[in-house]
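**Student:** Modelling step: build the complete structure from the supplied sequences, incorporating the hints.
Chains as they are written, first to last, in numbering that gives the first Met the number 0: chain A, 0 to 420; chain B, 0 to 81.
Warning: the hint list may mix true and false statements.
As the list claims (entries may be wrong) - 30 Å max Cα-Cα, derived DSS-like pairs, lysine-lysine: (1) Lys-313/A x Lys-113/A; (2) Lys-186/A x Lys-215/A; (3) Lys-19/B x Lys-27/A; (4) Lys-186/A x Lys-19/B; (5) Lys-20/B x Lys-27/A.
Just so you know, these hints were derived from the structure itself, not from any lab.
Only a predicted model underlies this, so the values are computations on that prediction, with no experimental measurement involved.
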Amino acid sequence: MTEALSTPTDPADHPVPPTAPGADLFSKFDALIAEREALLDTGVRDPFGVVMEKVLSPTLAIVRGKETILLGTYNYMGMTFDPDVIEAGKQALDEFGSGTTGSRVLNGTYQGHKECEEALKDFYGTAHAMVFSTGYQANLGLMSTIAGKEDYIILDADSHASIYDGCALGNAQIVRFRHNNVEDLEKRLKRLPAEGGRLVVLEGVYSMLGDIAPLKEMVEVSKRHGAMVAVDEAHGMGFFGANGRGVFEEAGVEDQVDFVVGTFSKSVGTVGGFIVSNHPKFEVLRLVCRPYVFTASLPPSVVATAATSIRKLKYAGNKRAHLWENSKRMHQGLRDLGFTLATPEAQSAIIAILLPDQDVTVRMWQALLEAGVYVNMARPPATPAGMYLLRCSLCADHTSEQVGDILAMFESAGKAIGYLS
Amino acid sequence: MTDREETFARVAQLIAPFDKKGVALAEGTTFAGDLEWDSLTVMDFVAAIEDEFDILITMNMQAEIETVGQLVDAVEQLRNDG
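**Tutor:** Shown next as structure tokens:
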């Protein structure tokens, strides 16, 4: 498989249609193409071209024939191979087929979609739940629909691309505040005109650096200034709070948050997105939200696996405790080795290592992969303030032995490339 | 100095810490082309302008502002509206 992917093809097999000179629309990407070629010409492996040939478990895969510990997935709660989850998916595939071939508002709502929404309502204790085809689309839908031209969306500068893209799709006035800065948020709320609605958009966990938001303070300030509040718990669901609802649960602001946005592609272990809310008019969004209406709904097997996983996550207190142990031990271990980390202590299941430049970052990434551990490499523009990061994300299924092995591999890789002395 | 000249001078002061190239500022100096600012620099700079003049410059307005002169005009207008 991988050999076939890397075999060069004969250009004569794929003729390119003629283009007028100077009119190639791809020209705008020439700088990026050149930068990428220069990097790969140094002989390093492509950090954005890894292929998982086999997946053995939530924490192990085969990459280029080598058994590799996965430390760069969003599989925080290790649900992807849960036997009940797999069984539910197989049964739905048998009984409802491979896909719905339609929109949620036409032929694409099956029994499974409603059961998945029921599971979410039960998990979050809310009156309403709306399932989207991805988490990206859930944010796209909320931002573009709920705030009109006269309204204001106030968002954290480090917000996820799906939040920014949702704002770009809609017509609202967009105001940014400095990342996680309560005072900066309040200053901007005070400057808003009296007219127009207000939506403050926050995230429980910011995924690049793994830092969490001071939600108690931010939600209080937002409510005091008459704003509705949406919290994206993509990276907090499953892990934070007594019921695993997210950082907003742990912060004790559940009764103050108007919308919680989330995804099935992280702790839930499949794909899909959702919004939950107690607003009495919430259901109207199903009619007016374009990223909900104008796309096909999730396949029956996906909503069945999601619903089963969500029901189990509620009672996964032991897994949450073990994930915290893993995260704290990894954070301490990396600091002891001499790495610079993005947060002073472990704040989430994401631990980001700050490295000086692309060269060191890619070499470290490759040395780790060759030693047998996969981490994410992140670079601008995905990262804040132009940072180069190696992002490690822990899983509740990482054993204590694996965490020890990972730390040993970080030490040997860091020394091999001359970054650690 | 007129009000506008004073606003221009204050804007220029706030540009200085972000102006790594030492560009001579004029009405027509562009942020993307002449100053070569990326989106992160723009974010920090806009926050500084907002706090200096106690105004909000929405991302919608930012998309329309390309030159220093346009920014000074926008700041003047926002202060008068407030």
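**Student:** Hints first: check each against the structure and report whether it holds.
**Tutor:** Hints and how they fare:
| no. | hint | verdict |
| --- | --- | --- |
| 1 | Lys-313/A x Lys-113/A | holds (19 Å) |
| 2 | Lys-186/A x Lys-215/A | holds (17 Å) |
| 3 | Lys-19/B x Lys-27/A | holds (25 Å) |
| 4 | Lys-186/A x Lys-19/B | holds (28 Å) |
| 5 | Lys-20/B x Lys-27/A | holds (24 Å) |
Comparing the model with each numbered hint stated earlier shows that all of them hold.
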